[in-house]
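Engineer: Each chain is listed here by its residues.
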Amino acid sequence: MATLCKPKSCSQRTRLKKGGPVKVATLNQPWKRVSQSKRRMQVMKPVRAAPDSISEKVEKSVKEVQEACSDDPVSGECVAAWDEVKELSAAASHARDKKKDNDPLENYCKDNPKTDECRTYDNGSIIYIMTSFFVFGDENLELS
Amino acid sequence: MAVCSAYTTQSLHSTCSISTPAKTHLGFHQKQVVFYRRSSKRGGSGSSSGPCVITCSAGDSQTVVIGLAADSGCGKSTFMRRLTSVFGGAAEPPKGGNPDSNTLISDMTTVICLDDYHSLDRTGRKEKGVTALDPRANDFDLMYEQVKAIKSGVAVDKPIYNHVTGLLDPPELIKPPKILVIEGLHPMFDERVRDLLDFSIYLDISNEVKFAWKIQRDMAERGHSLESIRASIEARKPDFDAYIDPQKKYADAVIEVLPTQLIPDDNEGKVLRVRLIMKEGVKHFSPVYLFDEGSTISWIPCGRKLTCSYPGIKFHYGPDTYFGNEVSILEMDGQFDRLDELIYVESHLSNISTRFYGEVTQQMLKHADFPGSNNGTGLFQTIVGLKIRDLYEQITSSKTAAPLEATKA
Chain A
1 MATLCKPKSC SQRTRLKKGG PVKVATLNQP WKRVSQSKRR MQVMKPVRAA
51 PDSISEKVEK SVKEVQEACS DDPVSGECVA AWDEVKELSA AASHARDKKK
101 DNDPLENYCK DNPKTDECRT YDNGSIIYIM TSFFVFGDEN LELS
Chain B
1 MAVCSAYTTQ SLHSTCSIST PAKTHLGFHQ KQVVFYRRSS KRGGSGSSSG
51 PCVITCSAGD SQTVVIGLAA DSGCGKSTFM RRLTSVFGGA AEPPKGGNPD
101 SNTLISDMTT VICLDDYHSL DRTGRKEKGV TALDPRANDF DLMYEQVKAI
151 KSGVAVDKPI YNHVTGLLDP PELIKPPKIL VIEGLHPMFD ERVRDLLDFS
201 IYLDISNEVK FAWKIQRDMA ERGHSLESIR ASIEARKPDF DAYIDPQKKY
251 ADAVIEVLPT QLIPDDNEGK VLRVRLIMKE GVKHFSPVYL FDEGSTISWI
301 PCGRKLTCSY PGIKFHYGPD TYFGNEVSIL EMDGQFDRLD ELIYVESHLS
351 NISTRFYGEV TQQMLKHADF PGSNNGTGLF QTIVGLKIRD LYEQITSSKT
401 AAPLEATKA
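Chains as they are written, first to last, in full-length UniProt numbering: chain A, 1 to 144; chain B, 1 to 409.
Bear in mind the hints are in silico, worked out from the structure with no lab data behind them.
Do not rely on the hints blindly, as some may be mistaken.
Claimed, not checked - Within a straight-line C-alpha distance of at most 27 Å, the following computed DSS-like cross-link-like pairs (lysine-lysine) qualify: (1) B/Lys95 - A/Lys110; (2) B/Lys237 - A/Lys60; (3) A/Lys98 - B/Lys366; (4) B/Lys178 - B/Lys148.
It should be emphasised that the depicted structure is a prediction, and the values quoted were computed from it without experimental measurement.
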């Protein structure tokens, strides 16, 4: 259990590091449960990292490798540095793919298929609508 | 259907109380009812029933757990997208949660990334000088506890490892799905987790192919050069061979990706030789075969009935041994250029567990933009997805049949 990084304590650490809202309530009143402040914290949604910063991270990590591996190419530090490069490159390529797939209309329609912009008709109903317009005239204009 | 199990525990207390703790420290949501019975005799021989603890888990508790060992992706990989697509519905990250979550959820399946069970974050690993491949960087106890809980129908709060920041984020709630897929570097490393898996797959990419793919992916990124890509693969190799590679022998199916033998000295990694190694004797899993099960077949479908472009397609099927286990190996070298090649090959494969003729082709076409859609990687990933669907149906039908038999008896 000593090595287990408990998510609650980790999240507290990360929140303080980012300089987010300081939980004054818990500082002054430590008997207040963490879960209460967690509910308030959830109002602030974490923002997805911008792809540019990932690219910078990749560059930085490759430079760090040079330092770590200059002393001893088979040391733990060197290997861990290369592992970090690998992880960041993977994250960068996933971010690139995510950016590529981002069509605003598609994203909106996924959540709201019934709105006017997102309605889709299959062939049968279109023919019915068109023929009924021609056959019945104005009476059936309110079909859709 | 709720499953309740009763335990008796020794206790020094002799009061009556009913307590329902909502969450344990490991992040489980359990309903526990504890009954205490007043014991009149003290210092008795410790016989008869002490307090009774009844643990109930609601829901189907028929979660099928699949393990996938892969060095890349983690929920975002092509294999996962093909697998979830076989079951229908798109797999998406949990709505309204952490945008950097690695979890994918669809109607039937939930894919969990095992990186979320890192015990050391990126800075922690750098300080200790260990890679993510090292078991010391992962919490296998938590992994086992949570997978066991989900398998028995209990929702858990799973930590999130943020790949962008390299930190461990606040946990997210994972509700038990019908099919749970755990994807990552160590699904079969820990013996207890291995025993929970109903089916396990190992994706084995050879070094040459890995290098070729990484060049295509990373050369566009600033800071990378050919040497740095090669060095990063080489540096991880000792840890990879020591901790990840040995999981191969436990896998029920191994998809091995090698450079092609059809083009001499090819190093582009575009044409691939892919081998599907299937263990014999696995419950609910019958290996795919060509023409005659258990015999050795070499097959080139291109000829009079089918014309293929260079370099063509070559199949091989046969029994073999793999790390001391009896296996059947189906191998494809080359790539598909046209739809009719794919449907022709599908019509000659047996035991592919399709519901209708052409299902494999239809699945491959549905994701024609995915990498590997024109070669053995896409074909075998799709076939494994169908075998998993078949396995799930067999397990769920056998589980519903068992209680009926119990009531009859």
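Engineer: Compare the structure with each hint and give your call.
Structural biologist: Each hint, compared with the structure:
1. B/Lys95 - A/Lys110: holds (12 Å)
2. B/Lys237 - A/Lys60: Holds - the C-alpha atoms of lysine 60 of chain A and lysine 237 of chain B are around 23 Å apart, at most 27 Å.
3. A/Lys98 - B/Lys366: With a Cα-Cα distance of about 19 Å, the restraint between lysine 98 of chain A and lysine 366 of chain B holds, given a limit of 27 Å.
4. B/Lys178 - B/Lys148: holds (14 Å)
Comparing the model with each earlier hint shows no violations; every hint is respected.
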